[in-house]
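Novice: Sequence:
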Amino acid sequence: MNSTTSTVVHVLVGAMAAAVAFWKLKPLDQASVDAPATPFGSAPQVEEDQVRKLLRKAGKADSPTAVQAKFFALVIASPAEVRKRIVERYRLDERTVRQTVTIEVQVPSQFRASEKDAGEDFFYFPLFAPQKGKLLDNWQIYDGAGEELPSLNYREYLLIAVRVLRLLLVSACGGAQNTPSGLTPEAERVEHEVVRTLLRRHTKNEPLDPSSVLTAANSIRRLTAPRNGNAEKAGQARELAAKLVEKIGGRYLVVAVLSPDRDGRFIAKYEQTLIPDLELAHERKWISSLVGSKSVALGARPMNLTVGIENASTCDTYHLIVEGSEGSYLGRQEVVEIEETLKTTARDAPGRPHARFRQRLGQPYGHFYVRYFPEPAGTERPQVRFQYFEVPPGSLLRAAVTAVASFFLVWVIGVATKNLGRPGFDEPTDAPAVLLAFPALAATWLGFERRGSRLVEGTFLARMGLLTTAFVSIAAAAVFMLHRVAPNDFTWHQLPKDFTFLWLSDVTWVALVAVALANAVVVCYRYVVETWRYCHLSSRPQEQNNISRSWTS
Numbered sequence: 001m002n003s004t005t006s007t008v009v010h011v012l013v014g015a016m017a018a019a020v021a022f023w024k025l026k027p028l029d030q031a032s033v034d035a036p037a038t039p040f041g042s043a044p045q046v047e048e049d050q051v052r053k054l055l056r057k058a059g060k061a062d063s064p065t066a067v068q069a070k071f072f073a074l075v076i077a078s079p080a081e082v083r084k085r086i087v088e089r090y091r092l093d094e095r096t097v098r099q100t101v102t103i104e105v106q107v108p109s110q111f112r113a114s115e116k117d118a119g120e121d122f123f124y125f126p127l128f129a130p131q132k133g134k135l136l137d138n139w140q141i142y143d144g145a146g147e148e149l150p151s152l153n154y155r156e157y158l159l160i161a162v163r164v165l166r167l168l169l170v171s172a173c174g175g176a177q178n179t180p181s182g183l184t185p186e187a188e189r190v191e192h193e194v195v196r197t198l199l200r201r202h203t204k205n206e207p208l209d210p211s212s213v214l215t216a217a218n219s220i221r222r223l224t225a226p227r228n229g230n231a232e233k234a235g236q237a238r239e240l241a242a243k244l245v246e247k248i249g250g251r252y253l254v255v256a257v258l259s260p261d262r263d264g265r266f267i268a269k270y271e272q273t274l275i276p277d278l279e280l281a282h283e284r285k286w287i288s289s290l291v292g293s294k295s296v297a298l299g300a301r302p303m304n305l306t307v308g309i310e311n312a313s314t315c316d317t318y319h320l321i322v323e324g325s326e327g328s329y330l331g332r333q334e335v336v337e338i339e340e341t342l343k344t345t346a347r348d349a350p351g352r353p354h355a356r357f358r359q360r361l362g363q364p365y366g367h368f369y370v371r372y373f374p375e376p377a378g379t380e381r382p383q384v385r386f387q388y389f390e391v392p393p394g395s396l397l398r399a400a401v402t403a404v405a406s407f408f409l410v411w412v413i414g415v416a417t418k419n420l421g422r423p424g425f426d427e428p429t430d431a432p433a434v435l436l437a438f439p440a441l442a443a444t445w446l447g448f449e450r451r452g453s454r455l456v457e458g459t460f461l462a463r464m465g466l467l468t469t470a471f472v473s474i475a476a477a478a479v480f481m482l483h484r485v486a487p488n489d490f491t492w493h494q495l496p497k498d499f500t501f502l503w504l505s506d507v508t509w510v511a512l513v514a515v516a517l518a519n520a521v522v523v524c525y526r527y528v529v530e531t532w533r534y535c536h537l538s539s540r541p542q543e544q545n546n547i548s549r550s551w552t553s
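If you're matching positions, the sequence shown starts at 1 in the UniProt record's numbering and goes up one per residue.
Careful, some of the hints might be misleading.
[Claimed, not checked] When the alpha-carbon atoms are kept at most 20 Å apart in a straight line, the in silico EDC-like pairs for lysine to aspartate or glutamate are as follows:
1) Lys132 x Asp209
2) Lys247 x Glu81
3) Lys204 x Glu339
4) Lys84 x Asp62
5) Lys243 x Glu193
6) Lys132 x Asp62
7) Lys84 x Asp261
8) Lys233 x Glu310
9) Lys233 x Glu193
[Said to hold, decoys possible] Cβ pair distances, simulated, as ranges:
10) Thr500 x Trp23: 43 to 53 Å
11) Asn230 x Thr344: 41 to 51 Å
12) Pro496 x Thr306: 48 to 58 Å
13) Lys84 x Glu186: 33 to 43 Å
14) Gly264 x Arg52: 35 to 45 Å
15) Pro393 x Asp209: 50 to 60 Å
16) Thr215 x Val529: 53 to 63 Å
No wet-lab data here; the hints were simulated from the structure. Computed from a prediction, not measured in an experiment: that's the story for all the values here. Even glycine gets a Cβ: it sits at the ideal position worked out from N, Cα and C.
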């Protein structure tokens, strides 16, 4: 069997072994990436008897009062009338993001108690509304003093929501009717259908249809106006009830009980842990996705964070602050899907929305501010995107040092190798092979041995540079050993006569030195550029800055 046939046989046997291994291991891999099974199967939908039972309990409940119910509905339907300022803060961890939202609330005067009773009234305040089926992780609620607050459980929240709906429908009917529920027969039927929609679960087998929520809300709007009483007041109650259903039909609310001060103000804060989606590329191109996949495979951490600003339209003033991890700095920031929204005006706002970033870059945090932000226009989903970079020297310096060392050693040993066989140069030694192993070991030790606790760490170029350094060093050691053991009559491929590359003519050494040189040049260039960018961004003057820091030895 000649060498060509032997090579083909080895390749075929290896391919067959890989195919068998893939075929046997694929079921195990698939099981590891499948979604976790629900422990008790798919949750069944709520039965009609439970709907009727909840309606009876809501009819007998004394809380919330009519004032509390209207405030509850106002917070959901028109939150900007109550929420004055929201500060939304994100802190980056290794694979999670910690969200902290602080809400400053002003209770309108028509809902407040008299001055002598101030401090004795309380309100059911909806803090946030996750989508049905979403599980909240590690969340807490605090008041303005930092004291942890209890929240209503799901059953208590449902009772409050149905009680609020009942009171609004009573007002929409022109007042309590001579029926057990206080509603007209038409309103009773509508209420039953609406509550059944509110109780509907969102499951994988039975997903919630958004059109059913819209149908339920429109059925409230179509209620017959009362012949007696205040028709305008009844119409306002119908519209408020319909908006309530539209807002919470596909969600569930996290509700806290809070008491305002004498001025009708209070502060509420909630925290939760979020797991951001890993975007391999912002552009849906196969090249970008491939680079993103390779970045994850090489251990590079994501450098971009995209945050939705849904809360901006629920208040007068909105602040978004993102705190980067240690060793990173903010290098770029932008808002996406906001152009059409900025052309509209929020309800009761004195003018168009005003938005701005903190102009200074180079610090580890970003700050976005907007006031009088309207509801998103059309299909827009306004988002703020922050791009972080490593603070120099970072992983690029390690990659640059090992790349330069690898190039120098490969080149020197390549030049020395051409003297093998000459008088005085034929002493057997393995020192070059040992020296060539050092850059590979350094690349492994400096680039891959330590797992940090930061969400932003390492760059794709640095990882590729270290990987290339290790590959070139190992390949050069192998080529050196092959030159040592090759027969004397074996001829290595050479460059054309009178042509050399850095005093090298052997094609194998030329190729290795060229790759090592290109790797060193690219990594060093990027290191210089990134260092210059960081220094430029960090040293740019900013308006009204009276704080400075000098570096001295």
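Novice: Please check whether Thr215 and Val529 have a Cβ separation lying inside 53 to 63 Å.
Specialist: Cβ of Thr215 to Cβ of Val529: about 57 Å, so the range 53 to 63 Å holds.
Novice: Within 20 Å, alpha carbon to alpha carbon, are Lys204 and Glu339?
Specialist: violated, 35 Å
Novice: Kindly confirm whether 41 to 51 Å is satisfied by the beta carbon distance between Asn230 and Thr344.
Specialist: Taking Cβ atoms as reference, Asn230 and Thr344 lie about 32 Å apart, which means the hint is violated.
Novice: What's the verdict on Lys233 and Glu193, does the C-alpha distance respect the 20 Å limit or exceed it?
Specialist: violated, 23 Å
Novice: Please work out if Lys132 and Asp209 have their alpha carbons no farther apart than 20 Å.
Specialist: With a Cα-Cα distance of about 12 Å, the restraint between Lys132 and Asp209 holds, given a limit of 20 Å.
Novice: Given the hint that Lys247 pairs with Glu81, does the C-alpha gap stay at or below 20 Å?
Specialist: holds, 16 Å
Novice: Taking 20 Å as the top limit, are the C-alpha atoms of Lys84 and Asp261 close enough?
Specialist: With Cα atoms ~15 Å apart, Lys84 and Asp261 stay inside 20 Å; holds.
Novice: For the pair supplied as a hint, Lys132 and Asp62, is the alpha-carbon distance within the 20 Å limit?
Specialist: violated, 28 Å
Novice: Given the hinted pair Lys243 and Glu193, is their Cα-Cα distance within 20 Å?
Specialist: Distance of about 16 Å is within 20 Å: holds.
Novice: Taking the CB of Pro496 and the CB of Thr306, does the distance hold inside 48 to 58 Å?
Specialist: holds, 54 Å
Novice: Verify the CB-CB distance for Pro393 and Asp209 against the hinted window 50 to 60 Å.
Specialist: Check passed, 55 Å falls within 50 to 60 Å.
Novice: Thr500 and Trp23, beta-carbon distance inside 43 to 53 Å?
Specialist: holds, 50 Å
In summary, the numbered hints that this structure violates are 3, 4, 6, 8, 9, 11.
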